[in-house]
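Trainee: Residue strings, one per chain:
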Amino acid sequence: MKDKTMPAEEAVARLSSGMTLGIGGWGSRRKPMALVRALLRSGITDLTVVSYGGPDVGMLAAAGRIRKLVTAFVTLDSIPLEPHYRAARERGAFELTEIDEAMFLWGLRAAANRLPFLPVRAGFGSDVMRVNPGLRTVTSPYEDGETFVAVPALRMDAALVHVNRADRSGNGQYLGPDPYFDDLFCAAADTAYVSCERIVETAELTKQGPPQTLLIRRHTVTGVVEAPNGAHFTSCAPDYGRDEAFQKTYATTPWPEFEAGFLAGDEQTYQSAAREAT
Amino acid sequence: MTGPSRAEYCVIACAEAWRGDGEVLASPMGPIPSIGARLARLTFAPDLLLTDGEALLVRPDGTPEGWLPYREHLAWVTGGRRHVMMGASQIDRFGNQNISCIGDWELPKRQLLGVRGAPANTLNNPTSYWIPRHSRRVFVERVDMVCGVGYDRADGARYHRIPRVVSDLGVFDFATPDRSMRLASLHPGVTVEQVIDATGFELTVPEGVPATREPTDEELRLIREVVDPAGARAREVAA
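Chains as they are written, first to last, in the UniProt record's numbering: chain A, 1 to 278; chain B, 1 to 239.
Don't read these hints as lab results, they were simulated from the structure.
We put the beta carbon where it would ideally sit given N, CA and C, even for glycine.
Fair warning: there could be bad hints in the mix.
[To be verified] DSSO-like, lysine-lysine: derived pairs with alpha carbons at most 27 Å apart: (1) K207(A) - K2(A); (2) K4(A) - K207(A); (3) K248(A) - K109(B); (4) K109(B) - K68(A).
[Said to hold, decoys possible] Simulated DEER-style distance windows between Cβ atoms: (5) A175(B) - G134(A): 34 to 40 Å; (6) D178(B) - S42(A): 55 to 61 Å; (7) K109(B) - P254(A): 18 to 24 Å; (8) Y159(B) - I199(A): 45 to 51 Å; (9) A230(B) - P254(A): 32 to 38 Å; (10) D61(B) - M1(A): 42 to 48 Å.
Sequences are here, hints too, so could you generate the full structure?
Mentor: Structure representation (structure tokens):
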């Protein structure tokens, strides 16, 4: 079996400007923040980001790296509105494709199933159709004859996700209550980089949790990055909860100041600066 | 026991949304709908399913009885055995709801959450709304971005239904010939004029608007001692 371990810098070095990038997690939960921070340290820009958005979107938007965003929402959960995302959106900093949460899910499923689209009963009557004039519809070929929105596959160049444990070949394990959509992101992307709290021997995985916790299968994974506290400041249950105090600092600090204070150095510098800040 | 507060009438009005729903998932957004859903489950709607707001189905005391991660929750919406009570930054007379942005979508004055699940919710399962501060800023003639679909835009979609809208002033439904909003009950202490003044569109007001029903003594006890002993309801709606 291939050893796919690599530092975050190498994972990011395999990405390039203009790519379509999926980011796992949900809101301010289990976001691959160490990979996002590595992305911010690189010169990569002009991205199409596909995300159930949290601070990943807020940071990349504030830093001017997003050309287009595909999302149903952006939130910090305990802080409902993401301030850096809001500011970027209110100055028209990027293009937005706004779709419903369920449409997003079926777009991922379509991509993971190599289908061009999947039909959903969502969108009609709402302004999702007005702001996405490219959305097509499809009529049931059966007796009911109902018309549905044909959600196009959300195929991506690369996916970034964060899990609790992984082995060196890319089998990823979540130990919290919710898988979010991370396995689908990996399957819907041409390449996928999985960061984890700890790399363990394969035999350790099923000692940590039952087989159902083995969310991500190695054939969908390109690189494995060991990143302890790598979801910080988002939650990574059960290893840690959201760092609410630091999230508040993030939300209330002007972006240039936050960037200078926390993102100027490497990941270790970030982690120690974050520890000192709270 | 002191008499019911405004917040407690709001709890009752939200709880009533789930009366008669049977074995469906109650998805409340916000403190008062959450208290209402648990109260309904403990009293007149014992078959309701509740979520912990995370990945579990729970009994009212928090005991897990099932697994409901986001992906299953989104699928459950399309199955229809769910009744959600969402919030609204804007809502109009036909029940179109907005939580996405204020102003022009292309370059909004204020970016809000995003459409979230509102477009799918409203076409698939009953969707009620809870508005803690009834005002002309929320009850508008026309919403800036239609997220949840109202009766005039649903075009008879087979599973579209908006059972009720609850605010801190009263309860509203769409039991009118053109399915526009109607005042269904007033919370005690609120006048019809107050509601009309706080509403930015023409509301149907029937003769002799009833009062929102009183909580029973047992319901008041459950709200105060079991469901919300910390008093979250009073932080959302003052007495």
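Trainee: Taking the hints in turn, state whether each one holds.
Mentor: Okay, the hints, checked on the actual structure:
Straight-line distance between C-alpha atoms of K207(A) and K2(A) comes to about 22 Å, which keeps the hinted pair within the 27 Å bound. A distance of roughly 22 Å separates the Cα atoms of K4(A) and K207(A); the hinted pair therefore holds under the 27 Å criterion. Between K248(A) and K109(B) the alpha-carbon distance is near 24 Å, which keeps this suggested pair within the 27 Å criterion. At most 27 Å may separate the alpha-carbon atoms for a hinted pair to count; K109(B) and K68(A) meet this at roughly 19 Å.
Between A175(B) and G134(A) the beta carbon distance is about 38 Å. The supplied range of 34 to 40 Å therefore holds. For D178(B) and S42(A), the hinted distance range of 55 to 61 Å is satisfied, since their beta carbons lie about 57 Å from each other. About 21 Å separates the C-beta atoms of K109(B) and P254(A), a value consistent with the hinted range of 18 to 24 Å. A hinted range of 45 to 51 Å for the beta carbons of Y159(B) and I199(A) is consistent with their spacing of about 47 Å.
At roughly 35 Å, the beta carbons of A230(B) and P254(A) sit within the given window of 32 to 38 Å. For the pair D61(B) and M1(A), the beta carbons lie near 47 Å from each other, so the given range of 42 to 48 Å is met.
In this structure, none of the earlier numbered hints is contradicted; all agree with it.
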